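K.L.:
Spelled out from the first residue to the last, the chains are:
There are 2 protein chains.
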Amino acid sequence: MSNSIPTREQDYSEWYNALVEKAGLAEHSAVRGCMVIKPYGYAIWEKMQAALDKMFKDTGHVNAYFPLLIPKSFFSKEASHVKGFAKECAIVTHYRLKTAKDGSLVVDETAKLEEELVIRPTSETIIWSSYKKWIESYRDLPLLINQWANIVRWEMRTRLFLRTAEFLWQEGHTAHATAEEAIEETKKMLDVYADFAENWLALPVFKGVKSESERFAGALDTYCIEAMMQDGKALQAGTSHFLGQNFAKAFDVQFSDKEGKRDFVWATSWGVSTRLMGALVMAHSDDQGLILPPKLAPIQVVIVPAYKDVAELSEINVVARNIQNELKNKGVSVKYDDDDTKRPGWKYAEYELKGVPIRITIGKRDIAANKLEMVRRDTKEKEVISLLGAADLVVSTLDLIQENLYKKALKFKNERTFVVDSWDDFEKKIEQGFVAAHWDGTAETEEKIKELTKATIRCIPLDQIKESGKCVLSGQPSSGRVVFARAY
Amino acid sequence: MSNSIPTREQDYSEWYNALVEKAGLAEHSAVRGCMVIKPYGYAIWEKMQAALDKMFKDTGHVNAYFPLLIPKSFFSKEASHVKGFAKECAIVTHYRLKTAKDGSLVVDETAKLEEELVIRPTSETIIWSSYKKWIESYRDLPLLINQWANIVRWEMRTRLFLRTAEFLWQEGHTAHATAEEAIEETKKMLDVYADFAENWLALPVFKGVKSESERFAGALDTYCIEAMMQDGKALQAGTSHFLGQNFAKAFDVQFSDKEGKRDFVWATSWGVSTRLMGALVMAHSDDQGLILPPKLAPIQVVIVPAYKDVAELSEINVVARNIQNELKNKGVSVKYDDDDTKRPGWKYAEYELKGVPIRITIGKRDIAANKLEMVRRDTKEKEVISLLGAADLVVSTLDLIQENLYKKALKFKNERTFVVDSWDDFEKKIEQGFVAAHWDGTAETEEKIKELTKATIRCIPLDQIKESGKCVLSGQPSSGRVVFARAY
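Quick note, the sequences are listed as chains R and G, same order. Be aware that the first sequence starts at 0, since it is given in numbering that gives the first Met the number 0, and climbs by one per residue. Be aware that the second sequence starts at 0, since it is given in numbering that gives the first Met the number 0, and climbs by one per residue.
Hints may contain errors.
Copies of the same chain are indistinguishable here, so a pair counts whether it falls within one copy or spans any two.
[Stated by the list, open to error] Heads up, simulated EDC-like pairs for lysine to aspartate or glutamate below, C-alpha to C-alpha not over 16 Å straight-line:
{"#": "1", "residue 1": "Lys86", "residue 2": "Glu108"}
{"#": "2", "residue 1": "Lys132", "residue 2": "Glu26"}
{"#": "3", "residue 1": "Lys260", "residue 2": "Glu135"}
{"#": "4", "residue 1": "Lys82", "residue 2": "Asp107"}
{"#": "5", "residue 1": "Lys97", "residue 2": "Glu87"}
{"#": "6", "residue 1": "Lys363", "residue 2": "Glu311"}
{"#": "7", "residue 1": "Lys97", "residue 2": "Glu114"}
{"#": "8", "residue 1": "Lys206", "residue 2": "Asp190"}
{"#": "9", "residue 1": "Lys132", "residue 2": "Glu20"}
{"#": "10", "residue 1": "Lys341", "residue 2": "Asp139"}
{"#": "11", "residue 1": "Lys410", "residue 2": "Glu197"}
No lab work stands behind these hints: they were computed from the structure. Since we're looking at a predicted model, the values are computed, not measured.
Sequences are here, hints too, so could you generate the full structure?
P.N.:
Structure follows, in structure tokens:
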């Protein structure tokens, strides 16, 4: 990678920013806080979308699309929801521009909306205003809908993928006849997210529930998956909310059960966003560039010819295209880079930067020996392998890389998660990673810890062991450990 | 279909509106002019997206994502572009709400944007402001990018799918070194659209170029495909624009050619939208409901059991699930509706309304005879067929239906396109369909014809025969016929 980019050691934060731009994932746009997702980054996002979409459909959900613009009054209907989102809304007030006398383009003040419209920061309100029309009886339940959409939250400090004024996401919104069923759905979708994180992103996660102060505005419970980045900080990678009857009450959505009794509907919502792109980069990549899990890599294998002259190249072309076709037939996405204007060394660095999982180099001498060189991006191991059976070996190596990235991340997560019982230790260990410590359950202590260390409760783990202990800060009784970390 | 819906004969316009809602495709939302695309409608749109996306990628394009919000000043940079879009823009002026003293939610006037942002009505300006950073030399060209996005145009009179304040679309934006190459791209993408219309929507189209007055704001030439609806009116189904160097000049995007000479880049843009959903409904459906081309039908085959009691049903279940699996293995999307709370007659009407291409009914007697009943949605033909080989026959019948819909639409288009030489005839025939007539090439005559008949020039056909003639209205010389119609 160009030496204008710092190493992770030098400046982890700047390493991330520079890598996202240099690798062609995304860049800042002319609009404050809004990013352009560039083709290479978008290709990864498309692969995430396809995998998630299939998982949603396999669990019985269907897609739909609801309006971008939400009447301001809808927000007021759910009290805590408006508190959570009113401060970061983009608001549409007019619907026409005009040319002023001096020739400049100005807002036409005569085209003012009667009621302002808010660009969706999340869609609970507009969706539940529709559900009111769709739900009449238990026969209409459960209603299991997902939406792929863009979202705007007027964040003040933004970073590519991690926090942007506009981002892309999916939001599931489901309606159920009972609280139990809704809670089951909330947990099921958390499991889908954890499954996706582990098996696609190669990212082990903590599954848990948020403390009250970190809950989604309008939820009774917020479940989350939390992943550890290479600097030991946490990244919330997905959330699943049990909304109780809050939105059903706000929009008066009732149903008749089999006995004709009327009750409000129970709700969930759940989402993951282009933040996952940031998690992917921060979890696996190194000082040379991206390291992509093969399942999400737009190019899984690149073949680079090493040659002296055109005669050599045309000889290599035949062999390279053969293996390219063999790999394609096995479902591998493979690029043969025979661009004659770039040297092999330049190409090696470029595909390292781009995180292509396997690079194959073919030279004239390799062909004579019926060999080729295979280089793994994750371990940088070089291996000279036989042409015969090379395609099968490449395919199984892609699986190995996927597995290795997960194992490496899991090892790191385990090594950097500290069980801590004293405040001294807490302050030391929180610099290095996650801390599992007793907490007295109060918002005051939570807030105090945040002030002292910048660490927040990432989650109360779902697999928490019930054990009596003393709060790491206050010394008050606690019934189990929760996970603290500094977070993105 | 419920008799609350008029027939096409009674009220074509109301038939369309009611059908879109009753079949569960879309409905109006609480926000003026914005629709909710319901799951069944969205499932069709997803199939359209998948097919188009593959066609774009097969022709060398990649996807990316650009911001929803565009600085107002960007619009002023291309003079005709701003004229075309300034009158129908949703404008963001503030970024925060607050609770007023009386407890109501109001816009926080202290959170006013320095420069207003426009919700994209199309993305040429924001995209070309990025291209300026991406294009430096001929090596960066061509740049072939597509975006799937939502769009807002503040239309005053809206109709589900056909004209809505917010809609979904794709927009291709390409950059080229020469005018010839850009024109070639413009035409290539028009061909992709025509191919998609014919082979997926089963919709024959006129391919042509717009007259100056119907051109896209900022284009040198707008190519289009125009389809005929069952009432003889035209629906513009896709457009492809040759933008010349207009946007490159507006955003100062220059490149160096191989000799180091600097020049402005040549551009195209092209798009289709959820309007295609409207075209699909209006072109093929009948008074009983939707008729969907099998390639775009979310459910291609439905199996309905006809039974007296539970014992019969469980016998039918075995046979039905066998054929369901057989069809699934052949890639057919098939639903077995064994819902015991609904009668077969109700189900027949429901799947007719939903436009499912083939319905299979299985009763006890059918099983005894090793038969089943197959009903085509397009022709309503019933056929009793042998269970043995039924799956293959269903698959080939799906192909026949796709073909038949296209042929039927083509026959209709041919019958309702009239070659006309007198003004009398023009006025008569324009009531029934498209009119191919000589035109003197002036905007005045075009405008006059529109005033007199509401018909516009849909396109100057690409296969126009050069022949001398006299303008159907003015009698002035003309070099070929153009296509007139009333349009959606």
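K.L.:
Each hint needs a verdict: does it hold in this structure or not?
P.N.:
Verification of the hints:
In this homomeric assembly, Lys86 and Glu108 come within 16 Å of each other (Cα to Cα) only across copies, at 12 Å, whereas the closest approach inside a single copy is 25 Å. Taking identical chains as interchangeable, the C-alpha atoms of Lys132 and Glu26 lie at most 16 Å apart only when they sit on different chains, with a minimum of 10 Å there against 41 Å within one chain. In this assembly of identical chains, the alpha carbons of Lys260 and Glu135 lie at most 16 Å apart only when taken from the same copy (12 Å versus 69 Å across copies). In this assembly of identical chains, Lys82 and Asp107 lie within 16 Å of each other by CA distance solely across copies; the values are 14 Å between and 31 Å within a copy.
In this homomeric assembly, Lys97 and Glu87 come within 16 Å of each other (Cα to Cα) only across copies, at 10 Å, whereas the closest approach inside a single copy is 28 Å. When the C-alpha separation of Lys363 and Glu311 is checked against a cutoff of 16 Å, the pair qualifies only within one copy, where the shortest distance is 6 Å, while the shortest distance between copies is 72 Å. In this assembly of identical chains, Lys97 and Glu114 lie within 16 Å of each other by CA distance solely across copies; the values are 15 Å between and 21 Å within a copy. Taking the shortest Cα distances, Lys206 and Asp190 sit within 16 Å of each other inside one copy (8 Å), while across copies they are farther apart (50 Å).
Proximity of Lys132 and Glu20 under a CA criterion of 16 Å is satisfied inter-copy only: 12 Å between copies versus 45 Å inside one chain copy. Taking identical chains as interchangeable, the C-alpha atoms of Lys341 and Asp139 lie at most 16 Å apart only when they sit on different chains, with a minimum of 14 Å there against 61 Å within one chain. In this assembly of identical chains, Lys410 and Glu197 lie within 16 Å of each other by CA distance solely inside one copy; the values are 13 Å within and 55 Å between copies.
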